[in-house]
Amino acid sequence: MADGTASVAPLPIDRTNLTLADRVETLLRDAVVQGEHPPGARLSEADIARSYGVSRGPVREALRRLEHHGLVTVEPHRGAFVRTLDLEEVRELFEVRIALEAEAAELAAGRIDAAGIAELRRLARTAGEEVARSGRSGVFDTHDLHDLVVRLAGNQRLARAVAQVNAELRLARSRSGATGSRAVEAVGEHDRLVEALVTRDARGAREAMRDHLGAALRNTLTLLQPTYADGRAG
Numbered sequence: 171m172a173d174g175t176a177s178v179a180p181l182p183i184d185r186t187n188l189t190l191a192d193r194v195e196t197l198l199r200d201a202v203v204q205g206e207h208p209p210g211a212r213l214s215e216a217d218i219a220r221s222y223g224v225s226r227g228p229v230r231e232a233l234r235r236l237e238h239h240g241l242v243t244v245e246p247h248r249g250a251f252v253r254t255l256d257l258e259e260v261r262e263l264f265e266v267r268i269a270l271e272a273e274a275a276e277l278a279a280g281r282i283d284a285a286g287i288a289e290l291r292r293l294a295r296t297a298g299e300e301v302a303r304s305g306r307s308g309v310f311d312t313h314d315l316h317d318l319v320v321r322l323a324g325n326q327r328l329a330r331a332v333a334q335v336n337a338e339l340r341l342a343r344s345r346s347g348a349t350g351s352r353a354v355e356a357v358g359e360h361d362r363l364v365e366a367l368v369t370r371d372a373r374g375a376r377e378a379m380r381d382h383l384g385a386a387l388r389n390t391l392t393l394l395q396p397t398y399a400d401g402r403a404g
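All residue numbers for the sequence shown refer to our numbering, where the first residue is 171 and numbers rise by one.
Simulated from the structure, these hints should not be mistaken for laboratory data. One or more of the hints may lead you astray.
Restraint ranges, calculated between C-beta atoms of paired labels, are given here [as the list claims (entries may be wrong)]:
hint, residue 1, residue 2, range
1, Arg373, Glu237, 37 to 47 Å
2, Val354, Ala285, 47 to 57 Å
3, His239, Ala302, 29 to 39 Å
4, Pro209, Glu231, 44 to 54 Å
5, Ala302, Glu237, 20 to 30 Å
Glycine included, each C-beta is placed from N, C-alpha and C at the ideal position.
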C-alpha cells in the first residue's frame, strides 16, 4: 500500500482470548517499534482496517491506546502518526531507562541463580562473537541481555516500567545505532556487567549498568544530532 502497511491475513474473530482491538494494538505496536512504520509516518485507519481484515472501530481504539502509550500522536482533522521524538525527549527517556535498569541490575545481583548465570554468559558470548566476526552495528539493536537482567531482578512492576520506556525509545532507534567501534565498546561493558552479576556484586552491577547505558546515551545523541538538524533544515 502507499503508506507501507503490510498486508496480512484477516484476523480470526476469537473473543475468548483478546478483543479485536487488543489484537490490532499488538500488531500495530510491533510494527511501530520494529520500524516498519517510521517516525512521522501516517497511520491510515482505512488502510490498516483493510490490511488486517477488520472494521475501522478496532483500529481506532488500537490507535487511541498507542497514543496513550506514547507511540502515536493523533491530530484533529489529520489523523494518526507515528510519534517523532525530539532530542530532549530521547535524553529524558534514556535517563529514566538508566535509573530503572541500574536498579534492576542491583536487584538481579542478589537474586540470580545458576540458570541465570549460564544464560547471561551465553548471551554475552554470542554478542561478542558476532561483533568479532562481522562488526555489524546492528548487533546491539536487540535487548536480550538487558531483558534478562530485568527478569532476573524479579520485580514485575519494574519490568513493566522498563518495557514502556524502551518501547518509546525504539522510536528513535531507527534513526541511530551502534557504530562498529561502539559495538566493540559495548561488548566490554556487557562483560563487566556480567562479571558483577555472576559474582553477586550488587554495587558493581549497578555501576556497570549505569556506565554502559550512559555511554549508549552519549552515542545515541551524537548520532541523532545531525539527523534532527537535517530535519529542521528541510
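Quick rundown of the hints versus the structure:
Between Arg373 and Glu237 the Cβ separation comes to about 40 Å, which falls inside the hinted range of 37 to 47 Å. For Val354 and Ala285, the Cβ-Cβ distance of about 29 Å falls outside the hinted range of 47 to 57 Å, so the restraint is violated. Evaluation of the 29 to 39 Å hint for His239 and Ala302 yields a pass: the beta carbon distance comes to about 37 Å. Remark: the range hint 44 to 54 Å for Pro209 to Glu231 is contradicted by a beta-carbon distance near 22 Å.
Range check, Ala302 to Glu237: about 42 Å between beta-carbon atoms, so the 20 to 30 Å window is missed.
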